[in-house]
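Asker: So you can see what is in the structure, the chains are spelled out below.
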Amino acid sequence: MPHIEEIITEPKLSVKRFYALEYFFILLESLTRTADRDAVFNSFLNLKQEYRLGESKFKKMSDEPEELTPGRESRYRYTFKQVIEESKQYGLISEQDDGALFRLEAGDSLLKQYGTPDYHRTLFKLMERDSNAFRYLIERMFAKSGLLIFPVYSPYQLGFERRNIRTTGDIERYAEKLSKQITSDVDKYLGTTIELGSETTEVIERLRTANLLSKNAKDQFQQTDYNSIVSRIRKFWLIYFLQNLYGYKLSLSSFDMWIYRGKQCGVIQATEFYPNFNGRIVYPTSVVVERTESADFSQLIAYKDGKNLYLHEPTELDEKNQDKFIKYLVEGYHSLRRTRRGYFVNLASLRELVCFNLKVSEHVFERMLNQAYKHNLAGELPIKISLEVDRLPEETGAEYLKRVPVLVDGKPRNIISIDEKGTRVDE
Amino acid sequence: MSKLSRKPTAAFNDAPARFARFGLLENPFPSEPTVNKDSQDPRINGEIYEIELRQNEFERVRANFLRADLAQPNHLRLGYIIDTSYIGRGNGKSAFLVNLQDAINRHNNLDISEEQTKCFALYVVPESGGRTKTFASLLNKIFDSMLRLGIIEESLATIRLNAARSLHTGDGTAFSADDDVLIENLRSEQWYTDHEINLSEVRDAVRSNPALQELPPDFPLFREFARGGLYAEFVTQDDFERYFKSLKNGRDRFEFVLSHMVRFFRAADFTGAFILVDDFERIPDFQSRRQRKDFALELRSALFDGPTLNARLGFYNMFLVLHAGVPPLISDAWSESGMENRSPLLQQADRHVIPFEKLNPKHAKLLLKKYLGEYREKGAAFDELAPFTEAAIKEIGVVSEFNAAKILKLAYGLLEHAADEGSDEITETAVSDYREKDPLVNERIEATIASAETVDLFKKATGTE
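Chains A and B, in that order, give the protein sequences.
Adding 216 to a residue's 1-based position in the first sequence gives its number in this note's numbering.
Adding 547 to a residue's 1-based position in the second sequence gives its number in this note's numbering.
In isolation and in its complexed conformation, chain A is listed as follows (with noise of 0.2 Å):
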């Protein structure tokens, strides 16, 4: 591993509380057509609904209206007031002491960006010449492997049923099954061995602490503290590996943050759907170096101290690139395949790996996926891609969308097939 300079800038790693950075747009935007602050709140509730911003990092399946109960209303404000500050901390806006908002000039070119990839390139510059919290985060990334991983397993995952976790000891089962997987993950993902004994038990005492679980082994818990304190667990496990194992020194919900703001800029990719693992894993697409002879990245933004942080965007116009993309797509197709007999797979699913292979963010591989299917349709490629649209994530009843489709030719597409030529199966 080469050896990872100390950062000259201390980073600023407090983060106003908003994953999506598109809450920006739709406040530049509101402010196109009044100042009132009231208003403005109006116009920024109902852009929000129809861009399905939540609270969550992950977009809303619907843009259906939805009623302003208090608790909401009070949610939703303070998210607007979040956007407000950090948007007059990089001179987008101003405020002025009637609560009147005015979009100043750097707002107003950003809000012309917004569609284009200079948007979130505009946005990472802003939000990193403030903070430095990208390059602390891809450094200590780079100086641990290039990977993090946050393994998650719910009882059920590791063999216990919900109706036989009924008492302390039951739960000191699962911890201690919980822990003996984690070494293991930890040992095949990361290479590095280590000791959980002392967690496993202050995991349980800090539950006993909180009145969840008792001393005695053979006591019942109350059953509706069951999700409480298997969340407790799980949280527990996840700090330890930001904090103790990876030395970040910043809260989990900062890292949340900042990772999957880092997602949208394309720096940093974080996934909770990598196949056959548990949990989410964490992983550069940038780097900070001097700098790179290499055309495959493209500087973002120069520190004062020399240094510069380079996104890994591979042209998908290179052939050697491309090579390497329909081969990584070739493969992560069969293994996927394995686990299912149809011929279609999902495209989301084999993102995942592909992304990984190469240490692209998901705009290169979708970038790169076009150009291959139009050299395909073109016939010019040694393998036949199917692209197909199964049924859309609105059309199930899931409330979140978890998975950002993959738009080919403008089209969301969500299932693939490959043939070898000379072996396809067609109508």
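Please note that the accuracy of each hint is not assured.
The calculated lysine to any residue pairs, modelled on SDA-like cross-linking and capped at a C-alpha distance of 25 Å, are [to be verified]:
(1) LYS600(A) to SER675(B)
(2) LYS328(A) to SER835(B)
(3) LYS1007(B) to THR531(A)
(4) LYS1006(B) to ASP539(A)
(5) LYS396(A) to ALA997(B)
(6) LYS941(B) to LEU913(B)
(7) LYS600(A) to LEU876(B)
(8) LYS627(A) to SER878(B)
(9) LYS465(A) to ALA511(A)
(10) LYS1006(B) to ILE497(A)
(11) LYS627(A) to LEU876(B)
(12) LYS688(B) to LYS404(A)
(13) LYS840(B) to GLU604(A)
(14) LYS590(A) to ALA871(B)
(15) LYS404(A) to SER998(B)
Partial list, computed: chain B residues near chain A (C-beta under 7 Å) [as the list claims (entries may be wrong)]:
(16) LEU932
(17) VAL1002
(18) GLY1010
Since the hints were derived computationally from the structure, they do not count as laboratory data.
Glycine residues also receive a C-beta, built at the ideal position from the N, C-alpha and C atoms.
Chain B: place on chain A using the hints.
Answerer: Below, chain B without anything else, positioned relative to chain A:
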């Protein structure tokens, strides 16, 4: 020595009867199960067809379209054959259409409608790769398919025949030949002379056919009446083709196909036509949002409420074959253009929607039985499914996701394999053994982050890769 007199040394051998052990003349299954309507091979031109597989779908088409009263302007003019499973490709839609077309054209729908209506059916496939993007280019394909079907020639003959019959005083034997011969006869001057029918009177009668009165004077049929109908050559389908090509793409051709040809066909006693559009997704797949909307508007105008005779009468009735992914693609265009009101896409329960179901295990068996039966040696004492066992067929269905094309292709491979191996029976185990050899199934790569080959960004950036 001349090569003419030289002989090969190897003796003539009968082709080894590779499939005789199964009581089969050859491998009944297509190696590439695609429907090519123009092929001579019954395995792939849609000729071998198990009607029972698609009985439900056919019944729905028959009840709601083929037996409908086409004289009523409010009959259904547009139907959707919608695939309900996303493994759509190879589900037998093309085979269904080809057979539907044959069923209609066999007796011009007179048998199906119990003599109520006389119709023909056209089979149209948009070109791939975005070459059929506009309604105008679809219209060109429709006219092409009229030429391919020979329906213009047939109509010319009918018009002449009606005229000749009305003038002829003989016993009618002159008209008793087969259709093909009759078509030839009716455009041969000699034949008229032989049967003492006055050709120029026939032409006069054609000319005064009431259905033809509103056609423009340059309509191709009227060339036959030049110079008072004397010595003029018979107009053929080729004249129509040339005329069509001379028209500008767009309004002129719309008018020709959607108004003038409708009058012409009606003069030949046709009351309607069915246009079966296969692989419809090839059109919207390449269209922009704007193009989709324009297409939908023109389709609506052509079928329902445009200024053409067709829109008034509903002469052409269209079926669009849609796989499961298409309705979401076009639904916006359909609602913006008002098509959704005319012929809603999303009302699965409506009469104009024909859901194309996935096959089931019973169907898989019927399908294989049909193909095997076509190539079974006469008098061979074999079970009708031999060499496949029932269990094997079930397994074939499952692993092929009950997709007709995949079932046939797998059956082809299995039979070839069994012939190579000299085995007499294809069992369930044989199916899974064979599939083990399939490179796609046989891959044993586990997709995990641990084993994934990845790019080391740091090394790549610093050139130390």
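Asker: Run every hint past the structure and note whether it holds.
Answerer: Outcome of the hint check:
no., hint, in the structure
1, LYS600(A) to SER675(B), "holds, 15 Å"
2, LYS328(A) to SER835(B), "holds, 23 Å"
3, LYS1007(B) to THR531(A), "holds, 15 Å"
4, LYS1006(B) to ASP539(A), "holds, 20 Å"
5, LYS396(A) to ALA997(B), "holds, 18 Å"
6, LYS941(B) to LEU913(B), "holds, 11 Å"
7, LYS600(A) to LEU876(B), "holds, 22 Å"
8, LYS627(A) to SER878(B), "holds, 13 Å"
9, LYS465(A) to ALA511(A), "violated, 34 Å"
10, LYS1006(B) to ILE497(A), "holds, 21 Å"
11, LYS627(A) to LEU876(B), "holds, 8 Å"
12, LYS688(B) to LYS404(A), "violated, 60 Å"
13, LYS840(B) to GLU604(A), "holds, 22 Å"
14, LYS590(A) to ALA871(B), "holds, 22 Å"
15, LYS404(A) to SER998(B), "holds, 9 Å"
16, LEU932, "violated, 22 Å"
17, VAL1002, "holds, 5 Å"
18, GLY1010, "holds, 5 Å"
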